[in-house]
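Taken in order, these protein sequences are the chains called C and D.
Read in numbering that gives the first Met the number 0, the first sequence has 407 at position 408, and its numbers run on one by one without any break.
Read in numbering that gives the first Met the number 0, the second sequence has 26 at position 27, and its numbers run on one by one without any break.
Keep in mind that the hints are not guaranteed to be accurate.
To be verified - Calculated pairs, BS3-like style, for lysine-lysine (alpha carbon to alpha carbon, straight line, at most 27 angstroms):
1. Lys191(C) to Lys417(C)
2. Lys344(C) to Lys220(C)
3. Lys182(C) to Lys119(D)
4. Lys271(D) to Lys162(C)
5. Lys323(D) to Lys118(C)
6. Lys271(D) to Lys414(C)
7. Lys323(D) to Lys191(C)
8. Lys162(C) to Lys173(D)
9. Lys323(D) to Lys38(C)
10. Lys314(C) to Lys454(C)
11. Lys179(D) to Lys231(D)
If you are wondering where the hints come from, they were derived from the structure by calculation, not from laboratory data.
Here's the letter readout for the chains.
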Amino acid sequence: MTETLRTVIVYINYAILLYVFFLMSTYLLLSFLSFFGIKRYFRKTSYYDRRNIFSSLNHIPISVIVPAYNEQNGIVENVKSLLQLEYPEFQLVVVNDGSKDSTLEALLKNFNTRQISFKPWYNLKSEKIRAVYVSTDYPNLIVVDKENGGKADAINAGVNIAKHPLVTVIDADSILERDCLLKIVVPFLEDKNVVAVGGTIRIANGCEIEQGNIKSVGLPKSILAKFQVVEYIRAFIFGRTGFERINSLLIVSGAFSCFVKETVIDIGGFKTGSIGEDMEIIVRMHKLLRKKNPKMKITFVPDPVCWTEAPENFKILKSQRTRWQKGTLESILAHKELLFNPRYKLMGLIGFPYYFFIEMLGPLIEILGYVIFIISVLFGWVSYYFAIVFLCVAILYGIIISILSIILEEISFTKYPKLRHLIEMLFLCVLENFGYRQLTTLWRFSAIIEYAFGKRKWEKMEKKGFQKVEEKNEK
Amino acid sequence: MISITLLDFLLYVLIFFSSVIILMSLILISLRTKGIIQDKKFKDFSETYEEHLFEYIESNEHPSNFLEQIKERKIPLFLRLVRDYAVHLRGRDFERLSGLINSPKIFNFLRKDLRSNNKKRVLRAIYFFGLSRNQASLIHVKEALKSQNDVIKINAALSLAKMNAGNEIVEIVKSLLTLKHATNDLIISILVEFDPAICSILESRLDIAKNDRVRAIYVSVFTKFRFIPAAKKVLYYLQYGTDPELTLSCLKYFMVIEYEPAGNALKFVLLKSSPTLLAYALKAAARIGTKELEEIIYEKLFVESWQTKLDSAAALYEISITGKDKLNKLAYDLDHPAESAIARMVLSEKEISGK
Chain C
0 MTETLRTVIV YINYAILLYV FFLMSTYLLL SFLSFFGIKR YFRKTSYYDR RNIFSSLNHI
60 PISVIVPAYN EQNGIVENVK SLLQLEYPEF QLVVVNDGSK DSTLEALLKN FNTRQISFKP
120 WYNLKSEKIR AVYVSTDYPN LIVVDKENGG KADAINAGVN IAKHPLVTVI DADSILERDC
180 LLKIVVPFLE DKNVVAVGGT IRIANGCEIE QGNIKSVGLP KSILAKFQVV EYIRAFIFGR
240 TGFERINSLL IVSGAFSCFV KETVIDIGGF KTGSIGEDME IIVRMHKLLR KKNPKMKITF
300 VPDPVCWTEA PENFKILKSQ RTRWQKGTLE SILAHKELLF NPRYKLMGLI GFPYYFFIEM
360 LGPLIEILGY VIFIISVLFG WVSYYFAIVF LCVAILYGII ISILSIILEE ISFTKYPKLR
420 HLIEMLFLCV LENFGYRQLT TLWRFSAIIE YAFGKRKWEK MEKKGFQKVE EKNEK
Chain D
0 MISITLLDFL LYVLIFFSSV IILMSLILIS LRTKGIIQDK KFKDFSETYE EHLFEYIESN
60 EHPSNFLEQI KERKIPLFLR LVRDYAVHLR GRDFERLSGL INSPKIFNFL RKDLRSNNKK
120 RVLRAIYFFG LSRNQASLIH VKEALKSQND VIKINAALSL AKMNAGNEIV EIVKSLLTLK
180 HATNDLIISI LVEFDPAICS ILESRLDIAK NDRVRAIYVS VFTKFRFIPA AKKVLYYLQY
240 GTDPELTLSC LKYFMVIEYE PAGNALKFVL LKSSPTLLAY ALKAAARIGT KELEEIIYEK
300 LFVESWQTKL DSAAALYEIS ITGKDKLNKL AYDLDHPAES AIARMVLSEK EISGK
């Protein structure tokens, strides 16, 4: 019996070793793709002034949709900041998703709004729209008041009211760089097959914020937020740029993304009640649209365009990671027929399997790996020496990938201006492997278990708000 | 026990990975340190020469006299300083600054740069030749237009445009069209760097242009400069052009110049266009504003697409007082609930925004 168990465990060890090899190869491939992706992006964008291009009517008007739920503290400042965006023709559609606080009142009072008529039928299903207002001070500001239905529902309502051919979806509490629309629209101008574009998100904690704009970039004081800075750089610069190169991007961030409005309407809009609506819509787009147009593209802008607040305590971070993991599970399982499906080309053969085995099942395999490894070592089936060497190899590989991302950031955007930032980030690349990664894996693992047992509700993440971040910095 | 061979292999991997990490960290820090040192050098240089530079600009000092104090190895720093100011200076001040670039010391330095194998140096030379608008450098920049490197090619085109090298327009467009990532917008953004006088040359080449894509680019340049003399020719392409991109450019052109004789051609576009073209045709029709167009716009309010209904309602509101009256009447027409709702929506929005 013991012998059989031993054989099984040794084989599982080999399987995990194989998994680690697969993981490393994928990351290596991604790092090459990202390097060339970023190089290509710079080659395309470094030599011309976007403002010049858009001055000759060669722009596509954009409706910016801002779903807001209980955002009374920051909504006015954020809308003021969004109204400063540089773009020749855009409309800002703020959707009050049945807030229980005074979000709507704050908007109506501060922007001098008046109620207008709106079309009584919807292109997309959404909860009832109670009223639509337009600002007399800013004619491109529309406030939509609707009954509560969640973020996806609020976006759908925004799409119903939006009048421009492109819709950009952003989080109410995000800070956008002023030229972000000029950057995100370029892929649509370059290729008529592009249906969605994602933007790069960075951590705003530690940055100096003035009137809703990033004044100077810095690292947060909280170690948890610092780890997330490295995590975000790795995920966006290295992960998404890589997948974009093979048209296998399965997620664009809900905090800042842009879509062709007609396409969103054609596929039925954002899935209401979804935990990860940003991933779900992209997977569905691949599934439905590639049949009609094999050249259809979902792409990504590696320039940092949107800054968001990262959780600084364990409770909120856990809730965020749980939600992300459940969102991944939901989106992947709902469209599992894409797995290894050659009809979807590299997305079906590389992109989807990556998300399936690494993003979705990764935490399960990793935790299983830790348990089996510990058992193997305790029973003497694997030597301590081997265990330590193997663990070190895995950790070092993780560090290499993180440092590669930082190098890519350094040679491309260099957002963190001080040498101290760079050295600190190097240390964080090492340090995150001792506790932080394991902790997030554990949370993701427990999310999988919760999901399996039917706990699938969307939970709103608690945030401190940028004003408090500013105050903290001042102190 | 797992085979010892695997362990040995892992040990080698471990050593290799550790070395890679150390190497990468060193590369990263050295990259940043290099940047910091360069910035420091530039800061020191600026502190020393910034004031002198302003004194030179305000005086009548000969450029060669001023440049005597700049050592050969400091020229890159000097050029960086000039670059920072060039974008902000106009008129005589700018002339004085470009006088420095055109002086033999800097001109020869840039010519050496242009012949270099270093891409950054070549780009620097092209940029400054364009900035100084020195016709003597035109021939050198023209050579760079033949480069195999896309970035060099684009920058050469940009510099030639700044030099207003109208005679090279055919070569510039031809060269840009060979680029892998050249969008029409990129080419237009380069062509609008020419003086508005370029429009006459482009107009004369409109009929003999290689294809409709090139014509669409030319028409966009006319739009940017509001070049009315090309209206007749553009009208021809609006009437008989088959390429949607060209039609779109023509529509935008007429939207901007508000050319009344285009009304008849617009009528046909309004009657048989795709939704994208229709949206612009409606905007152009609203600006041109003939009675006949008003009727067609009103009819468009009753098509199936709600976006077209919305665009038509907005156009009807803008076209004339009678158009606005029609919209007001429709807003209370119970027989057409959808059109009535759209009319109310546009009326309330427009009246609040004061348009």
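Quick rundown of the hints versus the structure:
With a CA separation close to 40 angstroms, the supplied pair Lys191(C) and Lys417(C) exceeds the 27 angstroms bound. Annotation: proposed proximity of Lys344(C) to Lys220(C) is violated, straight-line Cα distance about 44 angstroms (limit 27 angstroms). A threshold of 27 angstroms between alpha carbons decides the hint, and for Lys182(C) with Lys119(D) the separation of about 24 angstroms falls inside it, so the pair holds. Straight-line distance between C-alpha atoms of Lys271(D) and Lys162(C) comes to about 22 angstroms, which keeps the hinted pair within the 27 angstroms bound.
Taking the CA atoms of Lys323(D) and Lys118(C), the gap is about 19 angstroms. The hint holds against a cut of 27 angstroms. Between Lys271(D) and Lys414(C), the direct Cα distance comes to roughly 50 angstroms. Violation of the 27 angstroms bound is thereby established for this hinted pair. Note on Lys323(D) and Lys191(C): the hinted pairing is violated, with a Cα-Cα distance of about 35 angstroms set against a maximum of 27 angstroms. For a cut-off of 27 angstroms, the pair hint linking Lys162(C) to Lys173(D) is broken: about 38 angstroms separates their Cα positions.
Taking the CA atoms of Lys323(D) and Lys38(C), the gap is near 52 angstroms; set against the 27 angstroms cutoff, the hint is violated. A distance of roughly 18 angstroms separates the Cα atoms of Lys314(C) and Lys454(C); the hinted pair therefore holds under the 27 angstroms criterion. This hinted pair does not check out: Lys179(D) and Lys231(D) have alpha carbons roughly 33 angstroms apart, beyond 27 angstroms.
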